[in-house]
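Asker: Chain P is fixed; fit chain W onto it per the hints.
Number of protein chains: 2
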Amino acid sequence: MLSSKNLFSSINKDISELNINLQKMIGAKHPILYAAAKHLFKTGGKRIRPSIILLIAKITAKDKKIKPEHQRLAEITEIIHTASLVHDDVIDDCDTRRGLEAVHNIFTTKIAVLAGDFLFAQSSWYLANLNNLEVVKTISKVITDFAEGEVRQGLTNFDITISIEDYIEKSFYKTATLIACSCKATAMLSNCNKNIQNDFYIYGKHLGLAFQIIDDILDITSQTDKLGKPAGSDLKNGNLTAPLIFALEENPQLYKLINQEFLYENDINRTINIIKKTKGIQKAKDLAEEHIQLAIQVIKNKFKCNNTETLILISNYILYRFN
Amino acid sequence: MLSSKNLFSSINKDISELNINLQKMIGAKHPILYAAAKHLFKTGGKRIRPSIILLIAKITAKDKKIKPEHQRLAEITEIIHTASLVHDDVIDDCDTRRGLEAVHNIFTTKIAVLAGDFLFAQSSWYLANLNNLEVVKTISKVITDFAEGEVRQGLTNFDITISIEDYIEKSFYKTATLIACSCKATAMLSNCNKNIQNDFYIYGKHLGLAFQIIDDILDITSQTDKLGKPAGSDLKNGNLTAPLIFALEENPQLYKLINQEFLYENDINRTINIIKKTKGIQKAKDLAEEHIQLAIQVIKNKFKCNNTETLILISNYILYRFN
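These protein sequence lines are chains P and W, in that order.
For reference, each letter of the first sequence is one residue, going 1 to 323 in our numbering.
For reference, each letter of the second sequence is one residue, going 1 to 323 in our numbering.
Looking at chain P on its own, in the form it has when it is part of the complex (with noise of 0.2 Å):
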């Protein structure tokens, strides 16, 4: 069995400075907003984004080495994606986030908007000083690619008509864009040549797909307690997701549900059980699977080196997390 401790041993240091840095980054000057960053930096996950960066440093500097400018872009990935979580929060209204509660429902919806502001605003200036200005097109993108992501996925709420290629198009400005831009971003600051830059956008993006596609799967099979966000909301948020539209297609009686937008108390639960009894998750499970493929397709022969051999297990460790 893949054992995460392992997994990430060749950058543990490099991450333990990450968040040394991240913490500083974020400044100690104003008390509310740096509880509200802490909030979040401290319930940390797994830190993947980060690794995927730091890996790929290695794997394309000229002396394998990973530069300054690559640990600055890890962490500006990492505040980034923190700050799209606390405007998430808002935008869903979801009651918690990685166990704890939302940053908008402890310190009200004011400082969550202002300490995302904050958060997207420390990106911009840490970005603009890694002096490299195709780097800093490749990241604002992401930040545009978000704002559409949330747009188009407010659109389809609750819309049976929702398909596949929609919740993939959803879920690539939502997720794998970020992953995408800083893996494409990685390699520039390594001056590698466009085809490369492409391979790593090319992997950061099927990379990006399928953890999207789990967490969605995650939304339907955990328990709360296990999610650290309550079961199904998702569902409650009209956010129709893989496992649901392929759902769909076995029994019709979800397009009620949906369309009376789980109205009744028991209806969130009902969906679940009744998605459960399809092959919607085997299905989406197989897609990420796929994804997670054609990831691993685009770096497995053109970069042969013992860190694409970790980057290779990171990304099938993905997958092992429904497991």
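Don't take each hint at face value.
Copies of the same chain are indistinguishable here, so a pair counts whether it falls within one copy or spans any two.
Stated by the list, open to error - Straight line, CA to CA, 30 Å or less: simulated DSS-like cross-link-like pairs of lysine-lysine:
| # | residue 1 | residue 2 |
| --- | --- | --- |
| 1 | K67 | K13 |
| 2 | K279 | K24 |
| 3 | K256 | K110 |
| 4 | K285 | K24 |
| 5 | K65 | K300 |
| 6 | K65 | K24 |
To be clear, the hints were calculated from the coordinates, so they are not data collected in a lab.
Source: prediction; values computed, not measured.
Answerer: Chain W in isolation, oriented as in the chain P frame:
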């Protein structure tokens, strides 16, 4: 008497172009975002910020002509300003802005957060595409300053120990920094040397401070219908501004009203009436005038030309707003 029509005649064509571009830049892809953005763009105001930028462009450019990059910077500045207004509405929970209902009431908080993020993101994207790293750094700083300013404002709400110095610092982050940095960036785009860049920074800083002081006076002296937002709304939010801070020195009755956070229905009106009986408003006007003079002083003799004359007239025009 100054007529705003004549005042802006030398850049009328450029401002019309700017209005068209702003609509285009925000894009018509998403009806909701478009509506939210349009909502503020159409209420427009006098486009004071872009007008100042375009005039400084004419003053500083080698051939005295506005470059496409100057035009774009003027647009970016107006987008950032609008983004900050949209998020301010969520933060202040203010019911009306520029006479129209606040975006977050019509379109819900969700869309307001999104629309603000979208506008900030668009501005970062256009900014990166100016292809000038120094300008990117200068303007990125502004967005960090906004968040800083809002937090400072939050921390000093209903705080009767606030000094005029604290108030000026808060106003710097909230208003003056955008004007100062965009004036500086205009000179950067004209390839001016550091001294000239700094002159326009100082000019913009003092102009911005005067601008904020006058806005704060209008919050006390204007009728709701004329102001486009409820009179005394700063007070209601606990945002203590120049006229009140000066009035506090004269009438200690105000301490109690602030300390009880304008608890009773008539407290805001009582406070406004007390302020009007002190020298608070006159002292605030004098402070604004002082900053306008400091702004004019920087540019008057160094950059003698017709456009500088117009810029000085516009600077004075800002003072006339409350007459």
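Asker: Which holds for K67 with K13 at a C-alpha limit of 30 Å: within a copy, between copies, both or neither?
Answerer: within (14 Å within a copy, 49 Å between copies)
Asker: From the Cα coordinates, with 30 Å as the cut-off, is the pair K285 and K24 best called within, between, both, or neither?
Answerer: For K285 and K24, neither the intra-copy (39 Å) nor the inter-copy (41 Å) Cα distance is at most 30 Å.
Asker: Can you tell me if K279 and K24 fall within 30 Å by alpha carbon in one copy, between copies, both or neither?
Answerer: Classified as neither: same-chain Cα gap 47 Å, cross-chain 45 Å, threshold 30 Å.
Asker: Using 30 Å as the alpha-carbon threshold, which applies to K256 and K110: within, between, both, or neither?
Answerer: between (37 Å within a copy, 26 Å between copies)
Asker: Reference check for the pair K65 and K24, CA-CA at most 30 Å: within, between, both, or neither?
Answerer: within (23 Å within a copy, 44 Å between copies)
Asker: Measure nothing new, just compare the shortest in-copy and cross-copy C-alpha distances for K65 and K300 to 30 Å and report within, between, both or neither.
Answerer: within (20 Å within a copy, 54 Å between copies)
In summary, the numbered hints that this structure violates are 2 and 4.
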